[in-house]
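Participant: Protein chains in written order, with our numbering: chain A, 1 to 192; chain D, 1 to 199.
Simulated from the structure, these hints should not be mistaken for laboratory data. For every residue, glycine included, the Cβ atom is placed at its ideal position computed from N, Cα and C. There's no promise every hint is true.
Unchecked claim - Facing chain A, a subset of chain D residues (Cβ under 8 angstroms, in silico):
{"no.": "1", "residue": "K14"}
{"no.": "2", "residue": "S17"}
{"no.": "3", "residue": "I22"}
{"no.": "4", "residue": "R26"}
{"no.": "5", "residue": "Q28"}
{"no.": "6", "residue": "A29"}
{"no.": "7", "residue": "A153"}
{"no.": "8", "residue": "T169"}
{"no.": "9", "residue": "T173"}
{"no.": "10", "residue": "V187"}
{"no.": "11", "residue": "S189"}
{"no.": "12", "residue": "L194"}
What the hints assert, rightly or not - A few chain A residues that don't get close to chain D, going by computed Cβ distances all over 12 angstroms:
{"no.": "13", "residue": "T4"}
{"no.": "14", "residue": "E27"}
{"no.": "15", "residue": "R62"}
{"no.": "16", "residue": "R104"}
{"no.": "17", "residue": "Y109"}
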Amino acid sequence: MSATVNPPVVFTQDELGWVSWIEPLPEAELTERHYAGLVDRARAKSEYFRLLVRDPEVLEARTKTDKDIFYNVADGLPRAERELAAAATSRYNGCIYCASVHARFASTYSKRREDVQKLLDEGVKADLGERWNAVVKASVALAATPIAFGPDNIRELRGAGLDDAEIVDVINGASFFNWANRLMLSLGEPSK
Amino acid sequence: MSTPDIIDTLAGIKPGSALDAIRAKRLQARENAQKSYLSLFEPIDAGEFSLLERTAVAAFVTGLHGESPVATFYRDKLAATAGGAALVKAIDVEIARGKTSGPYGSFPAGPLSIENTAGLIYRVDAASKSALGNRLSAGLEHAHLLVFRPRDAASTDLKALLAAGWSTTGIVTFSQLVAFLSFQVRVVSGLRTLAAATA
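Between the sequences and the hints, there should be enough to build the whole structure, so can you do that?
Facilitator: Shown next, in the form of structure tokens:
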């Protein structure tokens, strides 16, 4: 709702802001029910979360789903490749804000910043090597409507060395970003 | 748990199966995807977005993704909701009119403009509008935007919803519902594909 919005026109790994198009709840009006929905109290500082907390129960469940899919690395797919699935989905759907956050995470955890930038610059057909190509291609196939994910994607993921538990992490991570992208893209806009 | 896990049910995951064990490793995600479903379809307060509207939008959104156990589930749910049976036909008509392939749409003007892809700008048919009403019709038009061309979304689209009688909080829940279903239908499809490739 701020007066000066400076929207980015390219995909970037830089930190971006996000500005809501409709009124978030003022921080002073948040109750314990809202803080439960925010999960982390610090999220009260974020315009995005203070908007979503208008429905606290849905936000709480969404946030806990998100955290387990991405942060639970006791087993399964390395964090870097879960972030890659998120970044590829965001690149394909066109969410510059989501792509910026998860491209940064993918770079941090993989130490392959240039490959991540190649995904942002060239798009989802960029050649990132067999394993990353398989993850990106599977994420893109899942993001298409109608859904294009099929047995070939499973074969390619297995061929690239992923076991079934890791494939489920790809499915969860990519699918989750079809949730996140739609909120970020339709309730406000990124600003540099 | 009183309600069976909806993703497991729709994906056909049986207790004790290999995928059941894999899903159990992401227990918090599994439980909270379920809580997301329950908080959207069995909410504490449906004052800003009625149960009938929720199920009608869900049947429309999942139907736009094509025939699937998920689409059938929400179509049946609409038919079983008070006032819903009368809307099933109009929703089916609108699904047929709205079906296309996505994502498409425009990027902010600049280097990405070469990736802009044109596609259907869906509007509810006049005949369906009389069955669905202005408010729900505006909802379906916004849902179609979110499903197929989310990158086209603009502040004017939210103004259109506000003008059609949606509250700010109603818009938040509406957006969560469409976005959640976009997740749910993909997890179910992905898990079914994996199960079939393992059998």
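Participant: Check each numbered hint from earlier against the structure, then list the numbers of those it violates in ascending order.
Facilitator: Going through the list in order, the structure violates hints 1, 2, 15 and respects the others.
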